[in-house]
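Residue numbers (UniProt numbering), protein chains in the order written: chain G, 1 to 298; chain D, 1 to 298.
Honestly, the hints are just simulated from the structure, not real lab data. Bear in mind that the values here come from a model prediction, so they are computed numbers and not experimental data. Every residue gets a Cβ at the ideal spot worked out from N, C-alpha and C, and that includes glycine. Among the hints, erroneous ones may be present.
[Stated by the list, open to error] One-sided excerpt, in silico: chain D residues whose CB lies under 8 Å from chain G:
1) Y57
2) M70
3) S148
4) G155
5) W157
6) P212
7) D216
8) C225
Protein chains: 2
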Amino acid sequence: MPIFPDSLKPLEPGDVVGVAAPASCFDADLFEKGLEALRGCGFEVRVPKPAYLRQGYLAGSDQERARAFMELWEDPEVKAVLCARGGYGVLRILPLLDFDRLARTSKVFVGYSDITGLMQALMERCGLPVFHGPVITGLGRNPAHAKSLARRLSGEWPSEWGLEDPYIITPGSAAGLLAGGNLATLCHLAGTPFQPDFAGKIVFLEDVGEAPYRIDRMLTHLRLCGMLNGMSGILLGSFYNCGADGEIRRVLADRLGGLGVPVLGGFPAGHGPENKTFPMGTPVKLDADQASLTFRNP
Amino acid sequence: MPIFPDSLKPLEPGDVVGVAAPASCFDADLFEKGLEALRGCGFEVRVPKPAYLRQGYLAGSDQERARAFMELWEDPEVKAVLCARGGYGVLRILPLLDFDRLARTSKVFVGYSDITGLMQALMERCGLPVFHGPVITGLGRNPAHAKSLARRLSGEWPSEWGLEDPYIITPGSAAGLLAGGNLATLCHLAGTPFQPDFAGKIVFLEDVGEAPYRIDRMLTHLRLCGMLNGMSGILLGSFYNCGADGEIRRVLADRLGGLGVPVLGGFPAGHGPENKTFPMGTPVKLDADQASLTFRNP
């Protein structure tokens, strides 16, 4: 039975998909290829002009990026918002966004990596589900990924997801809303007004290009700042270019294995070769024994 | 007039200098060279056996590193504690240290980089001054640095320190206790019980090997979590291998220039070629207009 978050409308052919650039500026060729792949899935793709702004490594000033995001979100013709790229920059605009206004509209939103900060805020401050999935430049690199993204956003969804290559750090099962995202980004929310509340949640974590000692430092930070207090379970995505598999899994087991909740690794999402689209801010059951994740509406 | 923190005794020839390894394991050759350089300055150098322990990238388990540090600190024969290496690991032992016990003893302590977490805790929880300066493996790389370190620890100190190659981000002058250290390490204290209290302080910051957008992310994090609220001034050390000078200075100016306090860059300390030894947790006057730092006892 297909599962799609109750409060959102699945996309239909011809729907307008808007593109936001709340973070880094991006490579124009990859971006155009990504847009093309998205159009090839039958959507009308709209890129407001501010997305093309540049200010150093950012896609425009903080004010410009925040305003462009608000406008795109509030455009009633836009049925879904995808992100041009992650990188960095969301942290700078979080204080400039009006979440009360954003909460008045619910629509499909997709992102990952640095976009984690925005996704967490949309989930917690607006009560909205969001989708963890590719950005436009990622689709430019892997145009074939656009088709599976489009299927997901159109509501085609397996309710149960078995992991093909799982590793179990702590057995058991747990239920809760799915939350989390990029580990480094979550660390940089620690102690801020945007620190996530993971109590009762299944926490998804992934990262890229960080040495094992740095992953250790980040996880130790999450523990020390209380961000992991009361969470129900942990789902690990890819830790891509983060050192040898064996070493990074030892670090993950050392830092997350003694927390008294099920911890399941090998979920094919994040910066690795596979970055499947899945909803967050929606209820899931994590079963580490069966190495499966079950999505369900409340 | 030489200035040495009031509450500490300058070292004398023949004094016992103890070596702690609260963080990463280290290269044995560099370490031995560093010890040799230190002995060459006339100190008796003591390395307790636990310093040589290894557990992955750490110099022993958390319990072993914490216990070894407590024992070395409480050894009455040891007049000063230097660190084998920074790297990573202090964050893991902070909750295991007994700061009430540590506060009963005051002695010379030197470190930087990852040791920042321990230095901040000794300053804030024990009310002790500490020294920002080389670790043993650093002395192994630059044995010539041992002589200037030894002079500083022996109380030979210029009260006023003019910067040779300064850059002024915000003019003005300010006074306060000197605090801070490695920027990345400070970020990973955000939201934890060990988050520094910089109110009224002159905050020293330095880092190594982080791209400009990452330095931006860290400084934005410090701002958002309130760590910089109420601080009196900012002193910038080296940002070594953090991108082109011009770009990193633009990032520092963008993130620190609008905070309403003097910000002076170019202090020759941190991971760069020069890592001068200076006291923290002691009163200083920062004069951005004159590009100088004046150390003074209360």
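* Which hints, by number, does the structure contradict? -> 2, 3, 4 and 5
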